[in-house]
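Each protein sequence line maps, in turn, to chains L and G. For what it's worth, the working numbering labels the leading residue of the first sequence as 161, then goes sequentially. For what it's worth, the working numbering labels the leading residue of the second sequence as 161, then goes sequentially.
Heads up, a few of these hints could be off.
Pairs count within a copy or across copies, as identical chains cannot be separated in the list.
[Unchecked claim] EDC-like mimics (lysine to aspartate or glutamate), calculated; alpha carbons at most 20 Å apart, straight line:
1) Lys278 to Glu470
2) Lys836 to Glu634
3) Lys196 to Glu731
4) Lys552 to Glu720
5) Lys716 to Asp830
6) Lys836 to Glu377
7) Lys548 to Asp644
8) Lys514 to Asp202
By construction, these hints were calculated from the structure, which means they are not laboratory data.
2 protein chains.
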Amino acid sequence: MESMIIYAPIVLAIIGLLYMWIKRSWVLKQDAGDGKMKEISDHIYEGALAFLNAEYKLLAIFVVIVSVALAVVSFVVPTTHWLIVIAFIFGAFFSALAGNMGMKIATKTNVRTTQAAKTSLPNALKVSFGGGTVMGLGVAGLAVLGLTSFFIFFFWYFMGGEWTNTLDMTIVLETLAGFSLGAESIALFARVGGGIYTKAADVGADLVGKVEAGIPEDDPRNPATIADNVGDNVGDVAGMGADLFGSYVATVLAAMVLGNYVIKDMGGSIDDVFGGIGPVLLPMAIAGAGIIISMIGTMLVKISSNDAKEDQVMRALNIGNWVSIALVAITCYVLVKWMLPATMQMEFFGEGIKEISSMRVFGATIIGLIVGGAISSVTEYYTGLGKKPILKIVQQSSTGAGTNIIAGLATGMISTFPSVLLFAAAIWSSYAFAGFYGVALAASAMMATTAMQLAIDAFGPISDNAGGIAEMSEQEPIVRERTDILDSVGNTTAATGKGFAIASAALTSLALFAAYVTFTGIEGINIFKAPVLAMLFVGGMVPVVFSALAMNAVGKAAMEMVQEVRRQFREIPGIMEGTGKPQYDKCVAISTEASLREMMLPGLLTIGFPLAIAFIPMIFGMNNLAIAEMLGGYMAGVTVSGVLWAIFQNNAGGAWDNAKKSFEAGVLIDGEMTYKGSDAHKAAVTGDTVGDPFKDTSGPSMNILIKLTCLIGLVIAPILGGHTLDDVNYSAENTEIINVTDLENSVTKEVEIRMTTEGDETVAEVRITTIENGKTDVKVKTYRGTKAEVEAELENM
Amino acid sequence: MESMIIYAPIVLAIIGLLYMWIKRSWVLKQDAGDGKMKEISDHIYEGALAFLNAEYKLLAIFVVIVSVALAVVSFVVPTTHWLIVIAFIFGAFFSALAGNMGMKIATKTNVRTTQAAKTSLPNALKVSFGGGTVMGLGVAGLAVLGLTSFFIFFFWYFMGGEWTNTLDMTIVLETLAGFSLGAESIALFARVGGGIYTKAADVGADLVGKVEAGIPEDDPRNPATIADNVGDNVGDVAGMGADLFGSYVATVLAAMVLGNYVIKDMGGSIDDVFGGIGPVLLPMAIAGAGIIISMIGTMLVKISSNDAKEDQVMRALNIGNWVSIALVAITCYVLVKWMLPATMQMEFFGEGIKEISSMRVFGATIIGLIVGGAISSVTEYYTGLGKKPILKIVQQSSTGAGTNIIAGLATGMISTFPSVLLFAAAIWSSYAFAGFYGVALAASAMMATTAMQLAIDAFGPISDNAGGIAEMSEQEPIVRERTDILDSVGNTTAATGKGFAIASAALTSLALFAAYVTFTGIEGINIFKAPVLAMLFVGGMVPVVFSALAMNAVGKAAMEMVQEVRRQFREIPGIMEGTGKPQYDKCVAISTEASLREMMLPGLLTIGFPLAIAFIPMIFGMNNLAIAEMLGGYMAGVTVSGVLWAIFQNNAGGAWDNAKKSFEAGVLIDGEMTYKGSDAHKAAVTGDTVGDPFKDTSGPSMNILIKLTCLIGLVIAPILGGHTLDDVNYSAENTEIINVTDLENSVTKEVEIRMTTEGDETVAEVRITTIENGKTDVKVKTYRGTKAEVEAELENM
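Just need the whole structure built from these sequences, with the hints factored in.
Here is the structure:
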């Protein structure tokens with residue numbers, strides 16, 4: 161039965177997806193309200209579809225280009241298999257599908273939430289969180305389903321469905337990396353493009369609508385208002401979904417790679433009831449179980465009282481969240497104890513092989529769960545309404561926009577202190593527990609509740625939209641009050657969700673980084689070599705420049721939106737009186753086009769730099785392992801700097817936002833109550849303008865940048881490092897032909913070893929094919945003797 | 161004659177100091193103007209002295225504490241010599257002396273410049289640049305004099321004035337590191353404290369004076385105006401001086417350390433006409449020659465026409481600068497060819513020993529000169545009036561402070577792109593030319609013109625002050641016009657000077673980093689070890705938090721100033737009518753106290769983190785070499801992140817400043833000329849408020865942070881790494897007793913080796929003293945045989 165465990169994650173994913181489908185049907189069956197509401201909702205739905213369709217066109221071109229590039233590489237480089245192309249396409253497709261489903265349900269749920277808010281707050285929560293649940297389970301279910309299916313397929317294709325050796329498993333996982341690369345590429349479009357979209361629409365709508373024309377937010381007379389509402393879905397729902405889809409897949413993949421290296425460190429094979437691949441299966445099993453746990457968690461989120469306030473709603477969400485995390489901890493204990501050998505050997509750099517008990521791996525998963533929660537709390541502290549940092553920014557607003565900005569920047573910067581110390585402690589302790597396998601499993605445990613996190617996260621923008629629809633369709637004030645309660649809670653969960661997304665991206669990148677080093681077979685990354693140090697500098701710079709490009713992109717796109725809104729106000733007769741109809745679709749089109757155009761340059765930067773670092777020195781004949789080390793330095797630079805700028809920008813942006821919102825209820829400055837419309841409030845609004853691209857565009861983009869950089873590294877790794885004979889498992893049963901290639905010094909070597917036994921004697925036939933500068937040279941050698949003798953010969957070969 | 165070259169830098173430094181003294185007398189002989197002017201100038205002079213005196217009190221306490229700590233360490237740890245304490249105290253004293261001289265002459269020159277401006281512009285330039293020259297030559301002369309004298313003293317003390325072996329030279333240089341640490345500690349006070357001072361006074365004076373009371377800048381009725389003018393001297397003159405003093409000393413020291421390792425790689429001794437220490441002497445020789453070259457350069461700076469404009473003044477400065485740089489290039493060629501062996505062996509990490517011709521070392525110095533110039537140009541492009549980035553910020557000001565801020569931030573961020581690529585190229589190419597010795601000599605060559613750079617740099621704030629005095633003493637408009645021309649040029653040179661300071665700090669840190677690795681004897685810094693990676697993260701975070709603390713410090717200090725100015729306006733009768741006299745000294749005292757108090761926390765962060773990383777794991781019994789690697793990871797993190805944040809903050813700040821200044825002459829926005837007082841200008845003023853602490857406090861502080869971090873690492877290095885037997889030079893002449901200690905695994909080992917020859921036989925008596933947990937164990941062994949046999953035995957010991 162245990163050998164069937166490989167199929168369990170698929171089953172669990174399908175259960176999750178079935179539950180999602182039931183929930184989806186339930187949400188769609190809810191009343192979608194009257195004419196005006198429906199009309200607005202349809203506009204938003206169509207706007208969202210318009211963005212998705214435009215995105216898909218661009219995506220299709222991108223996927224074709226990358227597929228061709230991957231195919232060429234896989235034919236030229238013998239260590240890369242062409243199936244990586246298929247994996248890549250499906251990774252992209254699954255991520256896009258998850259985003260599509262999520263966005264559709266979110267834009268269908270919003271109006272139903274407004275309608276439910278007419279009856280009661282518990283109903284409104286039920287509907288909006290139901291929509292979030294569909295999104296969360298859809299993303300997590302598809303991620304696990306896709307990754308597991310491809311793993312099983314490759315496992316059968318390359319290994320015949322049973323353990324052969326770590327080298328073959330490496331090839332399986334290298335090919336599987338294509339799936340992850342596909343998923344993360346979509347995230348680049350969804351998160352960066354979506355981030356530009358949402359802020360361009362928001363800023364454009366506000367600048368002309370609120371400031372110039374003096375009409376309130378979400379006013380239907382504003383032509384950009386639909387684009388603004390679409391933006392919430394594009395950025396916060398689809399963007400966040402694709403981001404976490406990518407993290408989820410990459411984390412599990414990286415943990416599997418490192419699990420394979422645990423097997424290698426244990427002598428190349430282990431004897432367990434899971435066909436000898438327990439350490440590789442474990443991350444998938446945790447991910448699969450996480451879906452069911454998240455499902456249970458979402459069921460716990462409900463309130464009963466119609467008079468509930470933010471606190472009760474928050475508590476309901478927290479109960480669901482904490483129960484899921486506790487269940488993950490228990491599950492990890494059970495799975496680790498069941499699936500891993502009681503003690504393992506792991507190689508620690510510079511410390512040699514250590515004996516690691518499986519309970520230490522469990523310890524690492526607990527670290528992951530704690531750090532995930534702690535980073536969310538830190539984020540909440542630095543960006544939460546009523547917390548000290550926010551109150552300080554509010555005070556500094558009284559002396560003008562300049563001091564408000566300085567205070568916000570300083571808050572974001574100081575927030576890196578506890579966050580980075582937490583990371584450092586997490587890296588160190590999970591590594592001390594169980595090496596880089598421990599780091600990767602810490603990330604896996606943290607990501608296990610992804611579906612729950614996404615449900616909590618997606619319900620925010622749904623409620624925000626619901627409020628917008630209530631406003632635009634001129635509902636009773638009580639409706640808006642109820643949606644506002646949900647929206648306000650949604651703002652808090654958005655902040656903590658961002659903390660979770662950063663933490664997951666950071667741990668994922670570290671796991672990918674570790675997988676990269678093991679794939680290339682380099683002896684670590686020594687920054688005392690000047691080229692490596694130089695690349696560490698370059699890597700550190702890229703997130704800074706990326707952020708600037710993203711911010712400038714928002715500025716440019718917003719300016720186009722401003723021009724269009726001004727034009728409509730000028731040219732459409734009766735628009736301000738409500739008799740002329742604004743051309744919403746024009747604004748949607750501008751946001752769509754501008755965002756996809758403007759994401760090109762930062763996207764090119766992300767993809768171009770690692771490729772340039774890998775291939776330009778290769779052209780100049782540099783040693784491949786030296787290049788691999790340089791690229792590793794670059795990846796480390798991007799990760800360290802990217803995590804810092806992600807925390808800085810997200811928290812500064814969140815802090816400015818809530819400092820501005822503090823004025824709604826009134827704040828005490830120099831002993832005087834100060835409200836909206838005061839000079840201090842105006843200063844706070846300026847701060848929020850700066851914070852908007854920080855928290856919704858450049859900040860969250862950092863997650864994608866660091867993950868995609870490390871993933872590209874991982875995909876390039878086999879080209880740079882190739883495999884060495886160390887990877888081959890000389891077991892007695894090993895009589896097949898094994899292809900071993902070594903690409904050091906730009907020479908292609910192919911070694912075929914056929915080991916057989918003739919009586920007592922072991923016979924190894926070795927055929928070495930060397931391709932250097934286009935010339936092929938073949939040597940055949942035969943070794944005979946006892947098994948030990950032959951193995952020694954092979955080692956010395 | 162060549163063996164006397166060791167004294168040449170002292171002679172050159174004394175020539176420079178003599179010329180400085182002549183120039184100083186000339187400046188002081190100039191007319192100091194009439195009563196009112198003299199009175200204001202005296203106020204500024206006294207304010208500056210007040211700050212210096214307060215700073216010295218704090219400094220004295222700091223120096224005593226650090227001295228005691230160093231003394232304790234030097235008695236406990238056998239690898240550290242107590243003379244490091246003396247070197248530390250003198251390093252601090254020399255730096256403080258240089259700052260004192262510079263600040264005094266600057267505050268004396270300002271009023272003389274105003275007076276000279278009454279006659280003609282060429283005279284005004286002559287006087288103000290004369291003051292700058294005194295400052296520049298004083299700093300450079302004292303730096304070279306102090307460092308060289310101490311080197312010669314230690315060279316005689318530890319080595320008897322002639323080459324023994326690389327181990328002894330290592331001890332000489334480790335002790336000399338105390339001088340550099342002392343100098344950099346003063347820089348912490350001068351640059352960080354000074355940075356807080358100058359902005360607190362500036363913001364305080366502006367907020368109440370300009371904004372609330374509506375009186376112009378530099379108005380004598382404003383009680384904070386003297387503090388503001390003192391601040392220019394404290395921050396821009398003394399701060400910059402101490403910063404470059406520290407860089408100068410540290411660069412030369414690091415290059416000497418790496419020169420010693422060149423000798424080690426060449427077998428432990430070389431045969432040259434400089435007593436076998438050519439590679440160690442070279443950096444000092446370049447520094448000494450640089451003083452004379454700078455002297456010549458300053459003589460070339462003059463204009464003849466009284467109708468000259470900014471361009472002509474700029475050209476005069478550029479001629480002086482370029483000629484100096486060209487002369488340094490020629491001098492480097494001559495010195496490298498003369499002082500280095502024609503070919504050297506250098507060990508490259510992972511590549512083994514390489515043959516390096518001395519011309520490749522010359523190549524590295526050229527890299528340094530090019531990069532120094534290129535980074536200054538990049539800085540000028542991103543912050544220069546009329547350049548594209550500034551025009552863009554100006555345009556973005558029309559839509560409000562928010563967009564202005566975003567544009568400024570983005571400009572600073574994007575400016576890291578060319579700067580970091582230049583650095584990366586410099587690291588890589590100078591390393592490719594001549595290993596880390598090449599990197600250090602690139603820095604040395606760049607720093608050779610320090611005196612010239614400082615002269616150009618110091619003349620700016622002198623002219624700024626001169627303008628202030630003209631305003632306060634109500635001179636004819638022509639006087640202010642002339643000083644304004646000088647001031648405007650000074651603003652440009654201030655920006656490029658900051659670029660130079662960052663570039664020098666970055667290269668200095670890299671050289672120190674390399675020296676650190678060689679001192680500890682670790683096998684490089686492998687960031688694939690999780691604790692090292694964790695420290696890379698922590699190191700990356702520290703500059704961000706440091707910057708935030710510095711910014712907050714300015715905010716707090718400025719608020720105190722605001723309260724005081726408000727109080728004086730309220731309580732002193734007739735102050736606004738010019739009949740009541742403002743209490744300037746109170747404001748000066750507030751700036752002084754606040755700045756020195758507020759620099760404590762960032763200072764503690766800077767010093768505390770490396771100490772904690774080194775000593776906390778030591779208490780827990782961690783392997784010393786593992787700690788050394790962790791600390792190296794931390795240093796790399798601080799350097800990479802610090803350089804990024806230095807460039808980002810300096811350039812963003814400079815860009816905002818000049819965007820604001822653009823409005824003085826009027827700018828074209830949307831086809832309309834826009835001037836001071838417009839809404840767009842107000843937005844630009846807000847941007848400048850944010851930029852002020854960026855460019856004058858937190859940005860420049862990064863230089864000190866990264867250098868001091870690496871220097872602390874260097875001073876701790878002998879404690880962590882100790883020396884290994886590799887350092888011992890087994891030459892035939894080597895019959896003395898050599899103390900070798902090894903501190904790995906927290907065990908103190910002392911190995912005495914006495915090598916003698918008895919007839920044909922070589923005899924080595926080895927006495928190994930091991931101290932473990934307080935118990936002492938002594939073993940004595942004797943090896944006999946041929947020299948090769950004995951050496952082999954010793955190696956295997």
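How the hints compare with the structure:
1. Lys278 to Glu470: within (18 Å within a copy, 70 Å between copies)
2. Lys836 to Glu634: The answer is neither: 23 Å in one copy and 45 Å across copies each exceed 20 Å.
3. Lys196 to Glu731: neither (25 Å within a copy, 64 Å between copies)
4. Lys552 to Glu720: between (35 Å within a copy, 16 Å between copies)
5. Lys716 to Asp830: between (39 Å within a copy, 16 Å between copies)
6. Lys836 to Glu377: Intra 14 Å, inter 33 Å, cutoff 20 Å: intra-copy only.
7. Lys548 to Asp644: neither (24 Å within a copy, 44 Å between copies)
8. Lys514 to Asp202: Neither, since 61 Å and 71 Å both go past 20 Å.
Of the numbered hints listed earlier, those contradicted by the structure are 2, 3, 7 and 8.
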